[in-house]
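As a plain string of letters, each chain reads:
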Amino acid sequence: MTGTPAPVGPPGLTRRRALTAALASGAAVLGAGTLSGCGSAQAADASTVRLWDLFSGADGGLLNDMVRAAAPDMPGTHIERTVLEWGTPYYTKLAMASVGGRGPDVAVSHMSRLAGYAPTGLLDPWDLDLLAEYGIRREDFTDAVWARTQYRGHTYAVPLDTHPFIVFFHPGPAAKAGLLTKDGTLDAEAFSSPDRFLAAGKELARASGKQGIAFGYVTDTAQGWRLFYGLYKQTGGAFELPEGGPAKVDVDRMTEVIAFMAKLVDGKVNPGRLDYAAAIAAFANRQTAMILSGEWELGTYRAADPKVSAAPFPTVFGTPAIYADSHSFVLPHHPDPDPERRRRTHRAVAALLKAGQIWATAGHIPAYGPVTRTAAYHRLEPQSHYAQAQNHVVLDPTAWFAGAGSDFQNAMSQVLQQALLDGLAPDRAARAMVRRLNTFLSKPSPA
Amino acid sequence: MTSTELHVNTAPAAQAAGPIRELNITRRARGGRTNLTLGENRVSRVLALGALAVLALVWVLPASWALLTAFKSEADASDPAHWFWPRHGFTLHGFSTVWERGDLPLWMLNSLLISAAVTVITVLVSAMAGYAFSRTRFPGRRPLFVLTVAAVLVPPQILIVPWFQQMLTLHLLDTYAAVILPQTVAPVMVFILKKHFDSLPGELEEAARIDGAGHWRIFWSVLLPLSRPMLAAVGIFVFIGAWNNFLWPFVSTSDPALMTLPVGITSVKDAYGIQYAQTMASAVLAALPLVVVFVFFQRHIVKSVATTGLGGQ
Amino acid sequence: MSSPHAAPRPGATPVRRAVPPGLLFALPFLVLFAVFMVWPLVQGLWMSLTDASLSAHDPSFVGFDNFTEAFQDAEMWRALGHTVLFTLISTVPLVLVALVMALLVHTGLPGQWVWRLAFFAPYLLPVGVVSLLWMWLYQPDLGLYNHLLDVVGLGQVAWLSDESVAMWAMALTTLWWTVGFNFLLYLAALQAVPDHLYEAAALDGAGAWRRLWSITLPQLSRITMVITVLQILASLKVFDQIYLLTKGGPNGSTRPVVEYVYDVGFTGYRLGYASAISYVFFALVLIASAAQYAALRRREK
Chain A
1 MTGTPAPVGP PGLTRRRALT AALASGAAVL GAGTLSGCGS AQAADASTVR
51 LWDLFSGADG GLLNDMVRAA APDMPGTHIE RTVLEWGTPY YTKLAMASVG
101 GRGPDVAVSH MSRLAGYAPT GLLDPWDLDL LAEYGIRRED FTDAVWARTQ
151 YRGHTYAVPL DTHPFIVFFH PGPAAKAGLL TKDGTLDAEA FSSPDRFLAA
201 GKELARASGK QGIAFGYVTD TAQGWRLFYG LYKQTGGAFE LPEGGPAKVD
251 VDRMTEVIAF MAKLVDGKVN PGRLDYAAAI AAFANRQTAM ILSGEWELGT
301 YRAADPKVSA APFPTVFGTP AIYADSHSFV LPHHPDPDPE RRRRTHRAVA
351 ALLKAGQIWA TAGHIPAYGP VTRTAAYHRL EPQSHYAQAQ NHVVLDPTAW
401 FAGAGSDFQN AMSQVLQQAL LDGLAPDRAA RAMVRRLNTF LSKPSPA
Chain B
1 MTSTELHVNT APAAQAAGPI RELNITRRAR GGRTNLTLGE NRVSRVLALG
51 ALAVLALVWV LPASWALLTA FKSEADASDP AHWFWPRHGF TLHGFSTVWE
101 RGDLPLWMLN SLLISAAVTV ITVLVSAMAG YAFSRTRFPG RRPLFVLTVA
151 AVLVPPQILI VPWFQQMLTL HLLDTYAAVI LPQTVAPVMV FILKKHFDSL
201 PGELEEAARI DGAGHWRIFW SVLLPLSRPM LAAVGIFVFI GAWNNFLWPF
251 VSTSDPALMT LPVGITSVKD AYGIQYAQTM ASAVLAALPL VVVFVFFQRH
301 IVKSVATTGL GGQ
Chain C
1 MSSPHAAPRP GATPVRRAVP PGLLFALPFL VLFAVFMVWP LVQGLWMSLT
51 DASLSAHDPS FVGFDNFTEA FQDAEMWRAL GHTVLFTLIS TVPLVLVALV
101 MALLVHTGLP GQWVWRLAFF APYLLPVGVV SLLWMWLYQP DLGLYNHLLD
151 VVGLGQVAWL SDESVAMWAM ALTTLWWTVG FNFLLYLAAL QAVPDHLYEA
201 AALDGAGAWR RLWSITLPQL SRITMVITVL QILASLKVFD QIYLLTKGGP
251 NGSTRPVVEY VYDVGFTGYR LGYASAISYV FFALVLIASA AQYAALRRRE
301 K
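Chains as they are written, first to last, in this note's numbering: chain A, 1 to 447; chain B, 1 to 313; chain C, 1 to 301.
This is chain A alone, in the form it adopts within the complex (with noise of 0.2 angstroms):
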């Protein structure tokens, strides 16, 4: 954390915003009539830019410390933190603050859900012309995360990061059971189809002493479905999702990847039924040398192993592709937007964006490629060594009704989990899984 006094607060510090909220309230106490307008968001100090993030733990520590770092790029202008509680809370609470006219300037939200917040119109668009008066060009992010961004040609999300779904290893029992190259990374030919990343597993336990690769999923809304969508679009198969359905999908190539999930977490090779914070100690204990995880959890396993290594999440199927979200900035929707306050904002974000490496330090792919590019950045490991995930990085299908902490991905998740812990044959859940999908089809899109 850097000493400096910072310009960063939760709402409710100001004495100002307490005397507002004062005065509002005795109005109220008054008379109705006169209140419509008192209190709102919008009554807060011009020099503000109110962000919403769900940012907390390493991550909100982080965004601070980034906040500091931007502060001389905006000078005037001070970023007041809210963070709320992560997944479907924050994204319902974000659409109704959107839908009311009165949300934040700018809120963090998952790239994925934006198939179900622009064409709603709750966002607003960025404008870019703006964006590269201060410094944030297009050509800035790589293609397969800017394409997510658009919308009828409108750009209404400007990436932060990509986050995706790796493994870790310990490079001791790696090394030991001969899965890493010359240079230290880990051999992905070793991992490159079902049977041998299954023996990879077993090397790795006989390695570790202990068992092999950890994955938590038990009761988890998304881990199931994180790891199912990288591998199924590994195969190449299609994943298309027309309004109104059927879901044109590919139930062979489903059913295949499920039983190689099935038999991954066998109960012997590898831990069987764990969860997702008893994963990540399974693995941080030293019980298996490998996990399959988000790599937003470096910090957690740097605190237990500081030689921890990772690497992009291994191509199973056949054809690279790795499953990957990304935190990016939006604008809620206002019906009468202050053109100096989006002036601000743009130019706020434009300032974040750029103290990107500080946010690299917890593991994320900063989406600025001039921050990746740096040296500083190449210096970071095991950072370095899946920042080219970003290239194949696959994102949820694009619907209304999926992404990050959506309901969507918690009903992918409880089938699978099915499969994974209660034996549900693998094409049975593969048909169940897509009976699901069809019943989110035919619900009408709220666009």
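Each hint should be verified, as a subset may be incorrect.
The following label-pair restraints were derived from C-beta to C-beta distances [said to hold, decoys possible]:
1. C:P93 with A:N438: 38 to 46 angstroms
2. C:G81 with A:A376: 55 to 63 angstroms
3. C:R297 with B:S199: 22 to 30 angstroms
4. B:P139 with C:A192: 39 to 47 angstroms
5. C:D141 with B:L67: 19 to 27 angstroms
6. C:L45 with A:G135: 51 to 59 angstroms
7. C:G111 with B:P80: 30 to 38 angstroms
8. B:V146 with C:P110: 48 to 56 angstroms
9. A:E340 with C:V31: 39 to 47 angstroms
10. B:D211 with C:L45: 45 to 53 angstroms
11. C:L197 with B:W85: 47 to 55 angstroms
Covered by chain C, per the in silico footprint, the following chain A stretches (three or more residues, Cβ under 8 angstroms) [as the list claims (entries may be wrong)]:
12. 118-132
13. 357-368
14. 435-446
Quick caveat, the hints were computed from the structure, so don't treat them as lab data.
All values reported here derive from a predicted model rather than from experimental measurement.
Positions of the beta carbon are idealized from the N, C-alpha and C atoms, including for glycine.
Put chains B and C on the given structure of chain A with help from the hints.
What follows is chains B and C alone, placed relative to chain A:
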């Protein structure tokens, strides 16, 4: 919503018509009552006292645990090896941190102002309506009263969606008005107050009328002063309900600066992750106002719940 | 009526005479009632017949499609089932424990003030506090209850993440939180039991148990009925503590119907469909009320 929801319903109340029961808790019949219920038997007294003590312990334990945690350091709070007594002693750090963060006092202020506004409006408006239904005649009085009583059956939960739509249409989302106004409609309080006015003797009113007092003066200067205990009971009940209400304030506000206490402390997170001691410190601070009020006004609150809680039977 | 004071007051304007004063008194309430109760009820019904959504598009009329969908929606039935289950497993202890508490306190044993505070104070806590507190109590590794289970040598329980436990944990939390309310109602009823009944029993030589069974409990049967009715209606509306503690999880195994309305309407954007489910829930509440009313009537006869 089991608690914040006012437990009121006139169907059983209408059935079980009877005099208003008041808790006579000042009754100094301690020994006498014990003799009446338990007899002279020492064993049964000891058993009863033991059972009471165990039950009270079980009930006090959760809150004591929260207090204990709130006074620990973060390191001690998350140390499973020393889960009960902290290794490094007690500290006020959790309290000072959450207080200085500034949003907790703001939410308290919001809760206080919103609950006060809801209480003042509800009591005044319901008392006026209760008076109108009880002491005046006007066309449509009966059907309107029947409609009011029937509305007691409507659970506020089913109105959340239309209220939200309504506030959206009126451009009131994320304002104090949106939080306050729907909470001020309390048919059951109208019903209770109407019954109460029915029970007041008519002579005083007659005398005032003969003195030339109009309806407003009779209501304001004669009946309301007579009704102070009842108004206090209703007011306390409404205030507790508003102070603890969650669902509607949760749906109608997304701006943290407008949130009430229960909504704020559960929606807004700390950027540095879950800090158990701080979380418990904020829970303790949030619990404090009403518990302190209860300690001082126990008699009134107990009476309020006992008389108002059954829908005024 | 020869008194001069009885004449109409000179200040009364024609307007005030045109509008009956009673109506003027009722007006503020009636306006609020119309705007925030009647209108929303009608609007909710209308919305349930449209595909109204949280997004910007204009709703269109869809007839009874939402209701047809709701009746075939397995998740809705599941959520209704959870609501009913919660009502069952919360109402029974909430009535019985409250009764036991009140009986014990009513004996007049020393420490009245303390007992009342201990049992009733949780009721005064905002649900936000209750949920933070119980989240901490139920915490698997650090929470009080698992530590206590450890101390007595029992295994740890995944209070909030085990599907077979979570709903019971919700009922337990609710019991702790709200039993004080029923306790007070019982206490008030107990104090209305006339002393002479006990005195007569004492003369007959009845012991404490006999007095309890033949005097106290029969005297409480009517209030028990009323408390049970109120509790059922309150439990059916459960949302807050479940939403805050489990978000309806794990795997939707505790999600009550009110949360389903919230999830469908605000998380899923489908306000129209959420309105339809609200009305299905309303029907459930009305049926429960009617059944209880009928039961009370039969009993009174």
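Compare the structure with the hints numbered earlier in the document and write down the numbers of the violated ones, lowest to highest. 13
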